[in-house]
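Asker: Protein sequence lines correspond, in order, to chains A and B.
First residue of the first sequence: 0, per numbering that gives the first Met the number 0; consecutive thereafter.
First residue of the second sequence: 0, per numbering that gives the first Met the number 0; consecutive thereafter.
Keep in mind that the hints were calculated from the coordinates and are not lab data.
Built from N, CA and C at the ideal position, the CB exists for glycine as well.
Do not rely on the hints blindly, as some may be mistaken.
[What the hints assert, rightly or not] Calculated cross-link-like contacts (lysine-lysine; reagent style DSS-like; alpha-carbon spacing at most 25 Å):
1. A/K122 to B/K171
2. B/K218 to A/K374
3. A/K374 to B/K40
4. A/K583 to A/K501
5. B/K171 to A/K556
[Said to hold, decoys possible] To spell it out: a stretch of chain A is covered by chain B in this simulated footprint if at least three of its residues, at any positions, have a beta carbon under 8 Å from a beta carbon of chain B; those stretches are:
6. 41 to 53
7. 108 to 116
8. 444 to 452
9. 519 to 532
[Stated by the list, open to error] Quick list of the computed label-pair ranges, beta carbon to beta carbon:
10. A/E148 to B/P119: 49 to 59 Å
11. B/A132 to A/N324: 44 to 54 Å
12. A/D618 to B/F125: 47 to 57 Å
13. B/P135 to A/R23: 28 to 38 Å
14. A/A477 to B/N53: 29 to 39 Å
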Amino acid sequence: MALNTMHAEAVAGVVDRVVARYRRDPSNMVQILREIQESCDWISPEAIDRLQSTLGVPRTKIEGVAGFYSFFYTEPRGRYRVLFSDNITDRMLGNRALMERLCNNLWVERGKVSEDGLVSVGKTACTGMCDQGPALLINNTAMPALTAERIDEIAELIRNKLPLSEWPAAFFKVEDNIRRADILLNADFKPGEALLAGRARAPDEGLMASNMRSWREGLPSGMGGPIAVLDEIKRAGLRGRGGAGFTTGMKWEACRNAQLKAGYQRIIVCNADEGEPGTFKDRVLLSTCADLVFEGMTVAAYAVGATKGFVYLRGEYRYLLDHLNAVLARRRREKLLGENILGIPGADFDIDIHVGAGAYICGEESALIESLEGKRGTPRNRPPFPVTNGYLDQPTIVNNVETFAAAAMIALKGGDWYAGIGTRHSTGTKILSVSGDCERPGIYEYPFGVSIRQVLADCGARDTQAVQVSGPSGICLAEAEFDRIIGFEDIPTSGAFTVFDKTRDMFEVARNYVHFFQHESCGFCTPCRVGTSLLKNLMDKLHYGAGSPYDFSEIEKLNQLLQSMSHCGLGHTACNPVLDTIAKFRPAYEKRMNQQDFTPAFDLDRALSAARQMTGRDDAAAHLANAHGGEA
Amino acid sequence: MSLTFTLDGKTIPFEDGQTIIQAAGKAGVFIPHLCYHPEFKPHGSCKLCTVKVNGRHTASCTMRAMPGMVVESDTEEINAERRALTQMLFVEGNHFCPSCEKSGNCQLQATAYHLGMMSPHYDHFFPNRPVDASHPEVLLDFNRCILCSLCVRASRDVDGKNVFALSGRGIKTHLIVNARSGQLGDTDFALADKAAQVCPVGVILRKRQGFAVPIGERKYDKAPIAETVTEGK
Numbered sequence: 000m001a002l003n004t005m006h007a008e009a010v011a012g013v014v015d016r017v018v019a020r021y022r023r024d025p026s027n028m029v030q031i032l033r034e035i036q037e038s039c040d041w042i043s044p045e046a047i048d049r050l051q052s053t054l055g056v057p058r059t060k061i062e063g064v065a066g067f068y069s070f071f072y073t074e075p076r077g078r079y080r081v082l083f084s085d086n087i088t089d090r091m092l093g094n095r096a097l098m099e100r101l102c103n104n105l106w107v108e109r110g111k112v113s114e115d116g117l118v119s120v121g122k123t124a125c126t127g128m129c130d131q132g133p134a135l136l137i138n139n140t141a142m143p144a145l146t147a148e149r150i151d152e153i154a155e156l157i158r159n160k161l162p163l164s165e166w167p168a169a170f171f172k173v174e175d176n177i178r179r180a181d182i183l184l185n186a187d188f189k190p191g192e193a194l195l196a197g198r199a200r201a202p203d204e205g206l207m208a209s210n211m212r213s214w215r216e217g218l219p220s221g222m223g224g225p226i227a228v229l230d231e232i233k234r235a236g237l238r239g240r241g242g243a244g245f246t247t248g249m250k251w252e253a254c255r256n257a258q259l260k261a262g263y264q265r266i267i268v269c270n271a272d273e274g275e276p277g278t279f280k281d282r283v284l285l286s287t288c289a290d291l292v293f294e295g296m297t298v299a300a301y302a303v304g305a306t307k308g309f310v311y312l313r314g315e316y317r318y319l320l321d322h323l324n325a326v327l328a329r330r331r332r333e334k335l336l337g338e339n340i341l342g343i344p345g346a347d348f349d350i351d352i353h354v355g356a357g358a359y360i361c362g363e364e365s366a367l368i369e370s371l372e373g374k375r376g377t378p379r380n381r382p383p384f385p386v387t388n389g390y391l392d393q394p395t396i397v398n399n400v401e402t403f404a405a406a407a408m409i410a411l412k413g414g415d416w417y418a419g420i421g422t423r424h425s426t427g428t429k430i431l432s433v434s435g436d437c438e439r440p441g442i443y444e445y446p447f448g449v450s451i452r453q454v455l456a457d458c459g460a461r462d463t464q465a466v467q468v469s470g471p472s473g474i475c476l477a478e479a480e481f482d483r484i485i486g487f488e489d490i491p492t493s494g495a496f497t498v499f500d501k502t503r504d505m506f507e508v509a510r511n512y513v514h515f516f517q518h519e520s521c522g523f524c525t526p527c528r529v530g531t532s533l534l535k536n537l538m539d540k541l542h543y544g545a546g547s548p549y550d551f552s553e554i555e556k557l558n559q560l561l562q563s564m565s566h567c568g569l570g571h572t573a574c575n576p577v578l579d580t581i582a583k584f585r586p587a588y589e590k591r592m593n594q595q596d597f598t599p600a601f602d603l604d605r606a607l608s609a610a611r612q613m614t615g616r617d618d619a620a621a622h623l624a625n626a627h628g629g630e631a
Numbered sequence: 000m001s002l003t004f005t006l007d008g009k010t011i012p013f014e015d016g017q018t019i020i021q022a023a024g025k026a027g028v029f030i031p032h033l034c035y036h037p038e039f040k041p042h043g044s045c046k047l048c049t050v051k052v053n054g055r056h057t058a059s060c061t062m063r064a065m066p067g068m069v070v071e072s073d074t075e076e077i078n079a080e081r082r083a084l085t086q087m088l089f090v091e092g093n094h095f096c097p098s099c100e101k102s103g104n105c106q107l108q109a110t111a112y113h114l115g116m117m118s119p120h121y122d123h124f125f126p127n128r129p130v131d132a133s134h135p136e137v138l139l140d141f142n143r144c145i146l147c148s149l150c151v152r153a154s155r156d157v158d159g160k161n162v163f164a165l166s167g168r169g170i171k172t173h174l175i176v177n178a179r180s181g182q183l184g185d186t187d188f189a190l191a192d193k194a195a196q197v198c199p200v201g202v203i204l205r206k207r208q209g210f211a212v213p214i215g216e217r218k219y220d221k222a223p224i225a226e227t228v229t230e231g232k
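All chains, full assembly: derive it from the sequences and hints.
Answerer: Have a look at this one:
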């Protein structure tokens, strides 16, 4: 009967194979679960039985981890698991109609598994294809640029049960859409050059003395350069590109200076968990300049004395894994990774790729480290910080993909060269992921200091009402602010640049973002776990037309509470999209203020919608009079 | 010279490595808390114990005391925030105090009284959380779970059993037990376990012991929580 039933022995075989490949190490739990699901379509009780005995960890630990990540299924979800990206840009491009079309085509209800167990259709957070949406993931493989015709073709292939590997490759073609390239995307760079340049920055006698440890703890003398490389990074004024903008040189130095316990090593982590809705520049960096990124990680390892590296690749970018592994393999062959890199004795560093499984919170560095250790992605209590107590308690640097790419170029061309680009407070370039209402969505790399207006002109945006910079946790800008600039001194950004023209309803934009935060809250702390749900309910209440000024003050109060009491940045910023749009696009809210006095969120007619669905009735007599209306 | 910081203007001595809430408890000053328990590694999740350190909000159960820190705790602003968090916990689960066996011994209820919570304020979520009566001696009523993870820590760190864990994410975070069936009766949980003693609310209940102490004569009926919960008591 069910397609999802594999024989217990077959499941055990898969589990044993995967567990053996990961050296029976429970700290690889997330990778183990991912690979089991890729083979078995879900993580069945039989698989957990087997994992429990082969890994020697309690069932609660396995189920706790499996239950945390959106892309792990402990219940069968079909042989074909379709998830429509539900970012606001996908919405604007009509993803809802396409999802309905696929559901109707396949006779499956949204969010449910078809009766024959073949397919499920649901939605997921932004998959990073905003410049070529609407997009979906099928069995965690990205499929952009959907059209009604494509949806019909997909339905046909699913009905015919054609294995995904035999589907037309064109369906999975992801474009880079690089519209403006600068020092990173147009890098004048050959693999190994940055490392050699770093090594060649041999310090003078005085520096040599301060550099007794060099690459690896315990080595007798400097190999020439680590401290000098660090100096170049500092001179460049490089700041983190993930959004927070921490000074890279300071982070590296703190990691370098952290005490190393016996048997411990320093760790370099590249944060490619690009989950902020509207951001997709790391995807393009990794697909077009993987060498530059890996070289930047190796430069970091050289500067701080690290021997182990990880790339934390978001699950939505699973399709890049083979490509990235191929680049890593080539770099090992070319002696750019592995032992004695470029012939430098003791220069050992290698990189593994860890694939995430659908959790925005893992972009937060300490949650990311928890996930790397095979745990639930819950942000840690800090201090201590990762630079001293990171991956498996070892000193760890976590930097964004773009930061490493920039670091490689700084090692190659020097800090002064880099500091000459951009503005005084924001050196270098910033890669923007432009999407929404414009003619040329895609990737734009600018020197810092570019104005919003300039970007809008370059991407062919017309009648622009608003721009959301840096995603939902960033800032929403109205027309009067378009002369402001991208830079740490004015508008810092992780890279998202989402354009909304005058036809868009900014209330619905904010509501989409609030739903996103509610879905992605990790649930660890009370204010964010409950507060994001309360906020979502308030926005839905306004959406249904039951809003009143009372609800504004409730939103205001929730915002303050989330700001002051939340455990991490997710909770701190969850109210941003609402507060920004209330301040700048108040008419979009007032339109929904049908009530001057308080109105309860409960609406009897809406509560009856489940009954209407069950009975298949939707005529006038199945509705109460004077209902607010609206759909979930 | 001994180390001190100030808490609401009062000088609090501390030893190196102590957290703010530990030092405050030793000095007899109550800071509201739910997921903190002096015998366990702090979790820092309920956020009830949040204080302001030099003007910045931080959880006092995870923040180490430092010499000269200026800590605010019992202020109108912070208590209002704690009250809101308590209200959130009340609407998130299904808490019906009058019919709860733990009433009067419940830390959530006592904390709500302490903070002057007069209503749940927010709309109730009314989640569907089935009870687990599979164990011969213990009932699990998940309706009251506030996800403090004390039972998780007690079972793992003291009992060495890992009977409990948190699964799910966000508002769907929930407590699970260590059995394929998901039933407590199929685990090695025992009434004598530390994990059976630490629930601050009414999730882990001993069967056939209901209302042994009449309402009105229970722990927090006799004295408000601020007078009963300090370090070592």
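Asker: Would you mind marking each hint as holding or not holding in the structure?
Answerer: We went through each hint and held it up to the structure:
Between A/K122 and B/K171, the direct Cα distance comes to roughly 17 Å. Compliance with the 25 Å bound is thereby established for this hinted pair. Simply put, B/K218 and A/K374 have alpha-carbon atoms about 38 Å apart, too far for the 25 Å limit, and the pair is violated. Proximity of A/K374 to B/K40 is assessed by CA-CA distance (about 18 Å); at most 25 Å being required, the pair is judged to hold. For the hint linking A/K583 to A/K501, the alpha-carbon distance of about 13 Å falls within 25 Å, and the restraint holds.
With a C-alpha separation of about 24 Å, the suggested pairing of B/K171 with A/K556 holds against the 25 Å cut-off. With 3 residues having a beta carbon nearer than 8 Å to a beta carbon of chain B, the stretch 41 to 53 of chain A meets the requirement of three or more and the stated coverage holds. Residues of the stretch 108 to 116 of chain A with a Cβ under 8 Å from some Cβ of chain B number 0, which does not satisfy the need for three, so the listed coverage is violated. Taking a C-beta to C-beta cut-off of 8 Å, the stretch 444 to 452 of chain A contributes 0 residues in contact with chain B, too few for the three needed, and the coverage statement is violated.
For the stretch 519 to 532 of chain A, the proposed coverage by chain B is satisfied: 13 residues have a C-beta within less than 8 Å of a C-beta in that chain, meeting the threshold of three. Remark: the range hint 49 to 59 Å for A/E148 to B/P119 is upheld by a beta-carbon distance near 51 Å. Taking 44 to 54 Å as the suggested C-beta distance range, the pair B/A132 and A/N324 conforms, at roughly 50 Å. Checking the proposed 47 to 57 Å range against A/D618 and B/F125 shows it is violated: the Cβ atoms sit about 29 Å from each other.
Taken as a hint, the range 28 to 38 Å holds for the pair B/P135 and A/R23, whose Cβ atoms sit roughly 36 Å apart. A beta carbon spacing of about 36 Å between A/A477 and B/N53 agrees with the range 29 to 39 Å that was offered as a hint.
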